[in-house]
Amino acid sequence: MAPILGIWASAQTASTLSSYDSIATVTVGAGGASTVTFSSIPQTYTHLQIRGIARGTVGGSDENIYMQFNGVAGTSYSWHRLLGSGSSVSSGANPSQPSGVITVVSASGSTANVFGATIVDILDYANTSKNKTVRGLGGSDQNGSGYACFQSFAFNNTSAITSIDITSSANWAQYTQFALYGIKG
Amino acid sequence: MPTTYDPIATQTLGSDSNFITFNSIANTYTDLIVVVNGKSTTSGPASDCYVRLATGGGAIDTGNNYSTTRVQGDGSAAYSARTTSQSLAQAGGVPAGLAGANDRGANIYHFMNYANTSTFKTFITRGNSTASNQSYGSASLDVSLWRNTGAITSIQFITNGNYASGSVFTLYGIKAA
Chain A
1 MAPILGIWAS AQTASTLSSY DSIATVTVGA GGASTVTFSS IPQTYTHLQI RGIARGTVGG
61 SDENIYMQFN GVAGTSYSWH RLLGSGSSVS SGANPSQPSG VITVVSASGS TANVFGATIV
121 DILDYANTSK NKTVRGLGGS DQNGSGYACF QSFAFNNTSA ITSIDITSSA NWAQYTQFAL
181 YGIKG
Chain B
1 MPTTYDPIAT QTLGSDSNFI TFNSIANTYT DLIVVVNGKS TTSGPASDCY VRLATGGGAI
61 DTGNNYSTTR VQGDGSAAYS ARTTSQSLAQ AGGVPAGLAG ANDRGANIYH FMNYANTSTF
121 KTFITRGNST ASNQSYGSAS LDVSLWRNTG AITSIQFITN GNYASGSVFT LYGIKAA
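If you read the protein sequences in the order shown, they are chains A and B. In terms of the numbering used here, the first sequence has 66 at position 66, counting the first letter as 1, and numbering is strictly consecutive. In terms of the numbering used here, the second sequence has 34 at position 34, counting the first letter as 1, and numbering is strictly consecutive.
Don't read these hints as lab results, they were simulated from the structure. Here a beta-carbon is modelled for each residue, glycine too, at the ideal position from N, C-alpha and C. Wrong hints could be hidden among the right ones.
What the hints assert, rightly or not - Pairs of lysine to aspartate or glutamate residues, derived as DMTMM-like cross-links and limited to a Cα-Cα distance of at most 25 angstroms, are as follows:
#1 B:K175 with A:D121
#2 B:K175 with A:D21
#3 A:K184 with A:D165
#4 A:K184 with A:D124
#5 B:K175 with A:D165
#6 A:K184 with A:D121
#7 A:K184 with B:D6
As the list claims (entries may be wrong) - Examples of chain B residues lying across from chain A (beta carbon under 10 angstroms, computed):
#8 Q72
#9 G75
#10 R126
Construct the complete structure from the given sequences, taking the supplied hints into account.
Below you can see the structure in the form of structure tokens.
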């Protein structure tokens, strides 16, 4: 039986260890980057996972991670989130968006060296019969501010996902890193 | 494609202990994951859990360099809480003395980009703690910060009271291409 995402580690056995593979990693260099792209994604896995640390260059102390698949924008994405601010909990949603939103991370107004973190699961990404569902968890603690975030979004498109663009409101700061992994069924 | 999800070490407590530590962690992976399946001996239905870290092969950092933002649901309400400038990071929870004899909690810790020497370290904890005989339980997400740019070389897991005998701690490494 395939392990369930989220309890992946606890479900590992010696016989399944080879079913989690590193596909590609991007680390943002000096000067930043507006977009991190994973292209020509192999269609040989069942699920994808993206793990990363991130800091945006936009003003303020918080930034969203935005994702687009296959270069599709329009109104193809809708998202939901559960957000803890350290003092209160809120839930939000936004339909018909040009991109999916998956985690809140830190930004240029955050304390120096503070990077948010995210773990994103893209489920059954190569299937061509259904819309795609993405879920993420993460956030950014900033020693007195920040968020913890559960989030999901839908890509209302039945195409197999072959490329992923990860953007922010401005640029990604140096040392931001996203790593793409494939999980076999 | 390289195989990249490796078990590094497992510790199973043979007797009650306030803490366990993974030392001499190599810097050859990108992320670390620790799966904890355990219980606390303290009174009450559940106990918070905590993390301390070290770098450079040195001593565990007990300075006030840890903070956490939490979102949690306990079956009746959702809430969020925060700790700042603490000597340990609040992260996860386990059932405790008033829980059923066979109850165990599950915490999965993700230490992201733990070996880089340019950023403070952020780690994510998914926690679940259920006391079957107390109608008490919770599901939580903790995002914690260690204000240190050093590569993590030791991880210490602590709870109130002791981790009960039989609690299991397994360390995995994920290596990016």
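A quick look at each hint next to the structure:
1. B:K175 with A:D121: Holds, because 17 angstroms separates the two Cα atoms, which is no more than 25 angstroms.
2. B:K175 with A:D21: holds, 9 angstroms
3. A:K184 with A:D165: Judged against 25 angstroms, a Cα distance of about 22 angstroms means the pair holds.
4. A:K184 with A:D124: holds, 10 angstroms
5. B:K175 with A:D165: holds, 22 angstroms
6. A:K184 with A:D121: holds, 13 angstroms
7. A:K184 with B:D6: holds, 16 angstroms
8. Q72: holds, 8 angstroms
9. G75: violated, 14 angstroms
10. R126: Since chain A brings a Cβ to about 7 angstroms from R126 of chain B, closer than 10 angstroms, the hint holds.
In this structure, the one hint that does not hold is number 9.
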